[in-house]
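Colleague: Chains Z and Y are the protein sequences, given in the same order.
Numbered according to the numbering used here, the first sequence terminates at residue 109, and the numbering increases by one at each position without gaps.
Numbered according to the numbering used here, the second sequence terminates at residue 143, and the numbering increases by one at each position without gaps.
These aren't lab readings, by the way, just hints derived from the structure by calculation.
Mixed in with the good hints, there may be bad ones.
[As the list claims (entries may be wrong)] Pulled a few chain Z residues facing chain Y out of the computed Cβ check, cut under 8 Å: (1) His7; (2) Thr11; (3) Val13; (4) Ala28; (5) Arg43; (6) Glu50; (7) Leu59; (8) Gly60; (9) Val63; (10) Val87; (11) Leu90; (12) Ser102; (13) Arg103; (14) Gln104.
Every residue, glycine too, gets a C-beta built ideally from N, C-alpha and C.
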Amino acid sequence: MQLVTEHVADTLVVAVQERRLDATIAPAFRSELCRLIDDGSKRLVLDLAEVRMIDSSGLGAIVSVFKHLGGQGRLRICNLQDGVRAVFKLTHMDRVFELFDSRQAAVGG
Amino acid sequence: MPQAPASLRLTVRADVAAIAPACEQLRAVCPAMPPEAASLVETALSEAMTNVIEHSLGGDAGRSFEVQLNCAAAGIELLIEDDGSGLSPALFAAMPAELRFDPDDLESLPESGMGIALIKSIMDEVEYTQDRGINRLRLYKRY
């Protein structure tokens with residue numbers, strides 16, 4: 001599993017460099033994101049531009065990371081491809097997470 | 001331009017690592033499928049295969065199951081068959097297509113158990129049957 005991280009002001013942007021966020025990736029993704037939170041990153045933006053497909057394991061891992069924040073900080077998601085955005089909508093996760101069309105918009109505000 | 005009908009039958013090893021290559025073959029069989037539909041069908045197929053591998057076949061990589069893809073101009077049909085423990089068709093039918101939780105209640109957010117709801121909400125037709133030891137899931141999506 002490959003992640004590329006970048007600090008933008010007080011936010012850590014995490015770009016997932018995988019075409020599929022699925023059951024094979026989810027455990028490593030969850031533990032790496034939780035480690036970043038434990039290391040002090042409480043404001044996160046997840047950039048999913050490269051992710052072509054997400055399944056319930058990938059979605060569950062993102063929820064798990066969100067819970068790990070414990071209501072502190074924030075987790076925003078940007079650059080969702082149409083099919084990935086549709087999965088967020090079908091599962092109502094678009095009501096849980098703030099979804100943005102660009103990294104710039106997600107980092108701001 | 002309408003796409004000519006195409007079919008593919010795969011024998012898939014009961015290992016989650018085998019899911020992505022199977023999905024790549026799906027995309028190769030249906031190159032004209034619109035990108036959003038292709039992504040959603042890949043999600044549904046991945047969910048179905050994950051369920052077979054982790055639950056019906058107990059994660060035993062020495063076992064395998066069958067996936068058939070029938071691609072036509074109007075839609076795609078997926079058939080997933082395994083000879084594992086399966087799931088009661090009545091229980092499958094009773095599983096809701098819609099997830100219910102309070103988006104403002106952190107603890108209520110689901111981390112698992114979303115797979116079948118996702119399959120039901122993505123696909124236009126979902127049929128699950130058991131016959132003579134074979135569990136068979138038929139999925140169809142129009143596009």
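Colleague: Now tell me, hint by hint, if it's right for this structure.
Modeller: Hints, one by one, checked against the model:
Against a cut-off of 8 Å between C-beta atoms, the interface hint on His7 of chain Z is violated, since the closest Cβ of chain Y lies about 26 Å away. For Thr11 of chain Z, the interface hint is violated, the least distance from its beta-carbon to any beta-carbon of chain Y being 21 Å, above 8 Å. With a cut of 8 Å, the hint placing Val13 of chain Z at the interface with chain Y is violated, because the nearest CB-to-CB distance is about 23 Å. Because the closest C-beta pair between Ala28 of chain Z and chain Y is about 13 Å apart, greater than 8 Å, the hint is violated.
Taken as an interface hint, Arg43 of chain Z does not check out: its beta carbon lies about 17 Å from the nearest beta carbon of chain Y, beyond 8 Å. Interface restraint check: Glu50 of chain Z against chain Y, minimum CB-CB distance 13 Å, threshold 8 Å, status violated. The interface hint given for Leu59 of chain Z is met, as the beta carbon of that residue sits about 6 Å from the closest beta carbon of chain Y, less than 8 Å. For Gly60 of chain Z, the shortest C-beta to C-beta distance to chain Y is roughly 4 Å, which falls under 8 Å, so the interface hint holds.
Taking 8 Å as the C-beta contact cut-off toward chain Y, the hint placing Val63 of chain Z at the interface holds, the least distance being around 5 Å. Annotation: interface hint on Val87 of chain Z holds; nearest CB of chain Y at approximately 6 Å, less than 8 Å. For Leu90 of chain Z, the suggested interface contact is upheld, since its CB lies about 5 Å from the closest CB of chain Y, less than 8 Å. For Ser102 of chain Z, the suggested interface contact is broken, since its CB lies about 19 Å from the closest CB of chain Y, more than 8 Å.
Of the supplied interface hints, the one on Arg103 of chain Z is violated, with its beta-carbon coming no nearer than about 21 Å to a beta-carbon of chain Y, more than 8 Å. Here the hint on Gln104 of chain Z is broken, as its CB sits about 24 Å from the closest CB of chain Y, past 8 Å.
Checked against the numbered hints listed earlier, the structure breaks hints 1, 2, 3, 4, 5, 6, 12, 13 and 14; every other hint is satisfied.
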